[in-house]
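Chemist: Chain residues, written in single-letter form:
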Amino acid sequence: MKMNRKLNWMLLAAMTMAFVQCKDSGDDVEPDDENELITSVTLKFTEQGTSSVSTFSYKDADGDGGNAPTKFDTISLKPNTTYTLAIELLDESKSPVDDITKEVEEESDEHLFVYTPSPAALLTYTYGDKDKNNYPIGLTGSAKTGAAGNGTLKVQLRHQPGAKNGTPTPGSDDVNLDFQLKVK
Amino acid sequence: MILFLQRCNKKNVTRCMPALRFSLLILWLSLFSPTAVAQKPACECFVKGVVKDRHTGQPIVGATVLIVGQSTGVFTDQNGRYELRNLCPGNYTLECRIIGYSPFQQKIDLTAGHEENFNLLEQEVHLKDVEITAHRTDAPSSQPLTTLSGADLDKTRGQTLGESLKGVTGVTTLQTGSSIAKPVIHGLHSNRVLIMNNGIRQEGQQWGSEHAPEIDPFIATRISVVKGAAGVRYGSDAIGGVILVEPEELPIDKPITGELNAVGFSNGRQGVLSGTVQGGLNFVKGFGWRAQGTIKRGGNIRTPNYYLDNTGISENNFSLAAGYRHKGLGIDVFYSRFDTQIGIFSGSHIGSVTDLLNVIKNGEPFVKSGFSYAINRPNQNATHELLKAETHYHFNDGNRLQWTIARQYNNRNEFDLHRPRNDSIAALNHPELTFKLTSLTNDVVWDHKPIAGKISGQVGVSTLYQYNLMSGRPLIPNFNQFNIGLFWIERYVTSKWELEAGLRYDYRTLKTYRIVNREKIADHFDFSNFSGTAGATRNFSERFSARVNVGTAWRAPNVSELFSDGVHHGAAAYEKGDATLQPEKALNSIASVKYATPKWSVEVGGYYNYIFDFIYLKPQPEPILTIRGAFPYFKYTQTDASFKGIDVSGSWEFVKRTTISSKLTYLRVYDERNDGYLVMIPPNRLDNALKYQLADRGKWKDGFISIGNLLVAEQKRVPANSDFLPPPKAYSLWSLQAGASLKVSEKQQLEIGINVQNLFNTVYRDYLNHFRYYADDMGRNASLRLKWKFGA
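In order, the protein sequence lines correspond to chains E and C.
Using the UniProt record's numbering, the first residue of the first sequence is number 1, and each one after it goes up by one.
Using the UniProt record's numbering, the first residue of the second sequence is number 1, and each one after it goes up by one.
None of these hints come from the bench; they were simulated from the model.
If you're wondering where the values come from, they're calculated on a predicted model, not measured in any experiment.
Be a bit skeptical, because a hint or two may be false.
Which bits of chain E does chain C cover? Going by a derived footprint, with three or more residues having C-beta under 8 Å, they are [unchecked claim]: (1) 37-44; (2) 159-170.
What follows is a list of derived Cβ distance ranges for each label pair [unchecked claim]: (3) E:Gly128 x C:Asn517: 36 to 42 Å; (4) E:Pro168 x C:Gln693: 56 to 62 Å; (5) E:Gly26 x C:Leu742: 57 to 63 Å; (6) E:Lys78 x C:Asp640: 55 to 61 Å; (7) E:Asn150 x C:Asp640: 45 to 51 Å; (8) C:Tyr409 x E:Gly128: 49 to 55 Å; (9) E:Gly162 x C:Gln748: 50 to 56 Å; (10) E:Ser76 x C:Lys729: 45 to 51 Å; (11) E:Lys154 x C:Gly676: 31 to 37 Å; (12) C:Lys729 x E:Thr126: 43 to 49 Å; (13) E:Lys78 x C:Gly676: 50 to 56 Å.
Capping the alpha-carbon separation at 25 Å, the derived lysine to any residue pairs in SDA-like fashion look like this [as the list claims (entries may be wrong)]: (14) C:Lys618 x C:Asp675; (15) E:Lys154 x C:Pro621; (16) E:Lys94 x C:Lys576; (17) E:Lys130 x C:His418; (18) E:Lys154 x C:Asn358; (19) E:Lys132 x C:Ala426.
Just so it is clear, CB atoms sit at the ideal spot from N, CA and C, and this is done for glycine as well.
Sequences are here, hints too, so could you generate the full structure?
Modeler: Here you go:
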């Protein structure tokens with residue numbers, strides 16, 4: 001009988017333990033705001049000697065995954081023309097919208113934009129800015145189109161902390177987009 | 001106490017199964033008293049029987065059985081058997097005793113022959129200076145169990161838990177570089193392998209292939225692997241198997257002893273220091289305690305041709321334990337803290353597929369470095385705390401009740417290579433991923449008293465409550481999970497047969513919370529399932545035994561499989577979960593035969609594991625477009641998969657002191673629903689070793705030299721076009737080991753071991769190492785191991 005009482009006591013304590021252990025994780029859902037995303041890339045082509053601006057964008061407002069990109073423009077340029085090319089990066093998942101271009105500018109010695117047309121004759125890019133180590137950045141530059149034709153323009157932002165040497169090789173991609181390019 | 005009285009002319013000798021865990025080396029000692037017998041030729045009566053532990057049913061070796069008042073006595077042999085011969089008819093009092101158990105007396109009236117079996121009750125308070133060899137493991141007896149302990153475990157000291165188990169047949173590792181290793185049993189890993197750390201189900205973020213178990217192997221004096229589905233006793237998820245990490249029994253009322261381990265590795269210039277002190281208390285009877293701590297520091301690992309940047313490791317662990325025994329009552333309290341910081345090879349952080357293809361094309365990493373102990377981004381810091389209280393009570397009638405509660409807190413912080421671009425945020429140096437997982441477990445197990453001395457069993461209830469708090473880059477949601485499991489296992493043991501069967505029911509409820517488009521979304525899942533096991537062991541003779549087991553197990557999909565949604569940087573792949581996934585169910589059959597003589601032994605095992613609704617990442621035909629470019633797209637999908645394999649191990653002492661041993665691990669996995677192969681299945685391997693045992697010389701003992709070779713085949717059974725790089729070629733690695741122990745004094749012993757892995761600095765890559773895309777595997781690694789035991 002004494003054993004039974006002991007047994008009952010232990011079982012009771014054990015059952016109590018099973019139910020008083022609860023805490024809810026739903027009250028502590030933290031929104032993600034530590035990291036910036038890049039959700040929008042806009043290329044601004046300004047025809048030299050004029051004020052006519054053409055802008056082409058890629059937009060994926062909710063970042064990677066989730067909904068598909070909402071906008072992926074085809075770049076359309078005149079042949080044999082020189083343009084000033086500026087690039088704008090935004091994080092539109094935040095409110096207010098976060099201007100990543102500014103942050104890239106602040107850390108320009110860790111970033112390099114790379115513009116690669118394919119076929120190569122379609123466009124020639126020349127960097128128009130330099131970081132404190134005299135390496136190019138690519139936030140502004142000039143683009144000279146060749147003869148008419150169709151192809152792609154690969155736009156890359158290379159993140160190269162501590163390794164930037166003026167070539168695209170070190171680091172990894174923050175942006176890697178293949179815009180359709182039409183020169184006509 | 002259960003007795004079997006049989007007529008003496010009956011010839012059916014109750015022989016117990018050759019207990020595998022007792023080695024053949026234990027001496028058969030007989031203490032016949034020839035003088036008492038010789039003059040009386042008419043005295044031809046005998047008494048014989050088996051002595052067993054009342055709770056475990058295991059035979060007790062070396063127990064004394066004597067006739068009170070006479071100088072006649074014998075010891076039980078390795079199977080717990082004894083026989084007293086040439087007795088005269090008459091009345092006797094038979095006594096059976098061994099230190100650590102309550103002595104037992106039985107009166108017998110001898111007319112011819114008599115069989116008397118003893119079932120001894122373990123004493124809770126052990127006498128001083130006595131080693132109890134009987135060890136209780138709840139593992140199913142009809143499933144293959146491999147245990148690393150003693151000298152075998154010592155050889156692995158300094159390595160991670162996953163690495164330590166590499167030598168076990170059927171076990172391989174899933175690696176992320178050289179510092180992160182997860183055990184793979186019969187091709188299954190992560191959530192499908194359960195780790196019982198000191199009796200508690202280890203709960204971390206096991207789903208991650210680069211999340212190694214947060215356990216300090218120095219805590220354990222025994223590490224066992226149960227191969228095959230063992231879900232009935234240990235709970236759901238144990239589809240692949242169970243790893244039992246078990247510390248030594250607490251030294252109740254013993255003098256203070258301890259050991260100090262120091263291990264140095266040439267590769268990574270790694271040093272490991274671990275110490276243990278333990279003992280009883282002079283002024284409190286029935287008390288025992290232990291304190292243990294480990295420090296590990298390592299730098300950049302070197303492949304045969306270059307260093308791997310940022311592959312250092314740092315670990316600080318400690319544990320404290322105390323226990324009290326009084327009559328049938330036992331209470332144990334245990335606390336452990338594991339704290340590690342691991343650098344992740346910086347060349348493995350990939351921003352896009354182009355980056356990955358460039359590294360692969362280059363053949364070696366772009367990032368080169370020299371040696372350094374510094375750990376920079378990317379890195380992961382993990383802390384795991386376990387607080388456990390266990391109490392048990394042996395009732396006088398043979399019942400036993402055990403109640404265990406535990407709290408685990410797993411805090412994992414992962415730092416990406418890229419800091420935020422905003423300087424003020426970057427200056428905070430926050431981890432990009434933080435997981436805080438708290439788990440509370442509660443287990444009550446009742447071992448019922450043996451029925452008719454042959455049927456033993458246990459009934460139990462286990463609960464788990466768990467909540468996960470997550471911050472940073474969204475990866476897995478916050479969740480609350482409650483699990484309750486009820487199980488019942490019975491075991492029937494005779495001299496030739498051992499049968500067991502068990503049944504379990506589990507219910508799990510999971511609530512997840514995540515932010516989608518700035519709104520909190522809650523999801524609710526319920527899972528429940530029955531699982532069962534049935535097995536038999538047949539002992540044909542002392543040398544020859546066979547076992548077979550059929551079991552089912554299940555595993556509910558975990559949160560990462562349900563909700564993953566993002567780029568996996570290490571694999572340059574986009575992984576997406578599926579909230580409609582159903583639990584996996586496994587039907588596992590496993591059989592093995594073993595034949596052992598003192599000169600040679602062979603064990604052959606085969607298994608067939610069919611997993612219904614096996615969850616895996618299926619490559620999608622179209623890549624997914626992200627700002628970082630197009631990524632190969634993988635979705636968690638379900639299929640039916642079969643795992644067929646053979647494990648063979650054997651050893652042969654072909655010349656005196658010279659032993660050759662071999663282990664073969666063979667596995668074939670097939671996707672039954674899609675008629676294809678599955679990715680990330682360990683290739684077949686053959687491990688051979690030649691060992692020469694040195695003769696003891698003076699104070700030097702147990703010296704040996706051994707040379708080993710590991711052959712790993714190329715994994716050719718992979719789905720077509722599923723990978724950036726085909727599986728690596730087959731490779732062959734040589735290793736060299738030597739060791740000996742030196743008895744410094746009566747109470748001090750020094751053990752020395754030398755080990756060289758990858759003796760010829762072979763360049764190789766392993767299919768199950770995530771770094772195989774970026775860099776070669778570890779080059780030559782020589783280590784020196786010292787162990788100083790004192791007070792023993």
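Chemist: Could you check the structure against the hints above and give me the numbers of any it violates, in ascending order?
Modeler: Failing hints: none at all.
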